[in-house]
Amino acid sequence: MPAIGQTNTKLTDPEIASVAVTANQIDIEYAQIAKKKSKNADVLKFAETMAKDHQAVIDQAVALVTKLGVTPKDNATTKAFLAGAVKTKAMLNSKKGGAFDKAYIDNEVAYHKAAINEVENVLIPDATNSEVKSLLQSAVPLFKTHLAHAEMVQKEFNK
Amino acid sequence: MANKHSILKNSAYILCFIFLLNSCTSTPKEAVHKLYNVEIKGMQFQPAELTLQKGDTVIWTNHDIVTHDVTEEKSKEWTSGPLAPGQSWSLVVTKSADYYCSIHVVMKGKLIVQ
Numbered sequence: 001m002p003a004i005g006q007t008n009t010k011l012t013d014p015e016i017a018s019v020a021v022t023a024n025q026i027d028i029e030y031a032q033i034a035k036k037k038s039k040n041a042d043v044l045k046f047a048e049t050m051a052k053d054h055q056a057v058i059d060q061a062v063a064l065v066t067k068l069g070v071t072p073k074d075n076a077t078t079k080a081f082l083a084g085a086v087k088t089k090a091m092l093n094s095k096k097g098g099a100f101d102k103a104y105i106d107n108e109v110a111y112h113k114a115a116i117n118e119v120e121n122v123l124i125p126d127a128t129n130s131e132v133k134s135l136l137q138s139a140v141p142l143f144k145t146h147l148a149h150a151e152m153v154q155k156e157f158n159k
Numbered sequence: 001m002a003n004k005h006s007i008l009k010n011s012a013y014i015l016c017f018i019f020l021l022n023s024c025t026s027t028p029k030e031a032v033h034k035l036y037n038v039e040i041k042g043m044q045f046q047p048a049e050l051t052l053q054k055g056d057t058v059i060w061t062n063h064d065i066v067t068h069d070v071t072e073e074k075s076k077e078w079t080s081g082p083l084a085p086g087q088s089w090s091l092v093v094t095k096s097a098d099y100y101c102s103i104h105v106v107m108k109g110k111l112i113v114q
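Chains F and D supply the protein sequences, listed in that same order.
Residue numbering for the first sequence is 1 to 159, as defined by our numbering.
Residue numbering for the second sequence is 1 to 114, as defined by our numbering.
It should be emphasised that the hints constitute simulated quantities derived from the structure, not laboratory data.
Careful, some of the hints might be misleading.
Simulated crosslink set (EDC-like; lysine to aspartate or glutamate; CA at most 16 Å straight-line) [to be verified]:
(1) F:52 <-> D:69
(2) F:113 <-> F:74
(3) F:73 <-> F:13
(4) F:45 <-> D:49
(5) D:108 <-> D:69
(6) F:133 <-> F:15
Simulated coverage check for chain F against chain D, where a stretch passes if three residues somewhere in it have a Cβ under 8 Å from a Cβ of chain D [said to hold, decoys possible]:
(7) 56 to 69
(8) 147 to 155
For glycine and all other residues, C-beta sits at the position ideal for the given N, C-alpha and C.
With these hints in hand, go ahead and build the complete structure from the sequences.
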């Protein structure tokens, strides 16, 4: 998992936009790996939902920053997410069969927990624009639903 | 006087005719069915549980930013198909059912027909 939220510096709205788009894009990339490697119907269905939902969040975020004239700005949190993703993708690509399915779902549980924590405790408090804050707030129940779905699939692997 | 009787007689005929005509053309009285709205919002069906009468209609509207569906859970007896943000779907309810979003399987709702 990426070591995120390491600095105490408050994130600006352009930095928040960068973190939001990056974090969603990373989960789409994990889903793309799952769609290539898995044969498990529950895993494939979950991955399909992740790819579509996180793309919908990115589309909303891009539409909002375009409307606000905000250019997403790279920052330490974005870099931490990306560094973690490189390691995770390498780990996922090294596995196959049931071991891959379990690794993918375990990572989805951990990733969504980390993302929810980041959104609730860093991005929402730091956001200054009300529309940016509102979009982040609307993403929280979505990510919590993804987490519950991932935990449900995870239980199947732990039986 | 005879003329007055004739007017009353004709009026009675006309009233009878109107009554008979009305009886023939009016439809049988039907039960009044209600319309219920369920908002899909914040990854929840709101309200999640509805108690209604057979023949009532439920309209689900997706207010979220992602696509949902409304699907009977036990045997997939009915489904809305994908509901994009802003789209609605209605169902005339004939029996109680547990339903869910087959895309986000932890989202659940219940229809209770009394």
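Quick rundown of the hints versus the structure:
1. F:52 <-> D:69: Roughly 14 Å between the alpha carbons, so the hint for residue 52 (chain F) and residue 69 (chain D) holds.
2. F:113 <-> F:74: violated, 22 Å
3. F:73 <-> F:13: Judged against 16 Å, a Cα distance of about 9 Å means the pair holds.
4. F:45 <-> D:49: Distance ~26 Å between residue 45 (chain F) and residue 49 (chain D) Cα, so the pair is violated.
5. D:108 <-> D:69: Measuring from Cα to Cα gives roughly 11 Å; hence the hint holds.
6. F:133 <-> F:15: Holds - the C-alpha atoms of residue 15 (chain F) and residue 133 (chain F) are around 13 Å apart, at most 16 Å.
7. 56 to 69: holds (count 3)
8. 147 to 155: holds (count 3)
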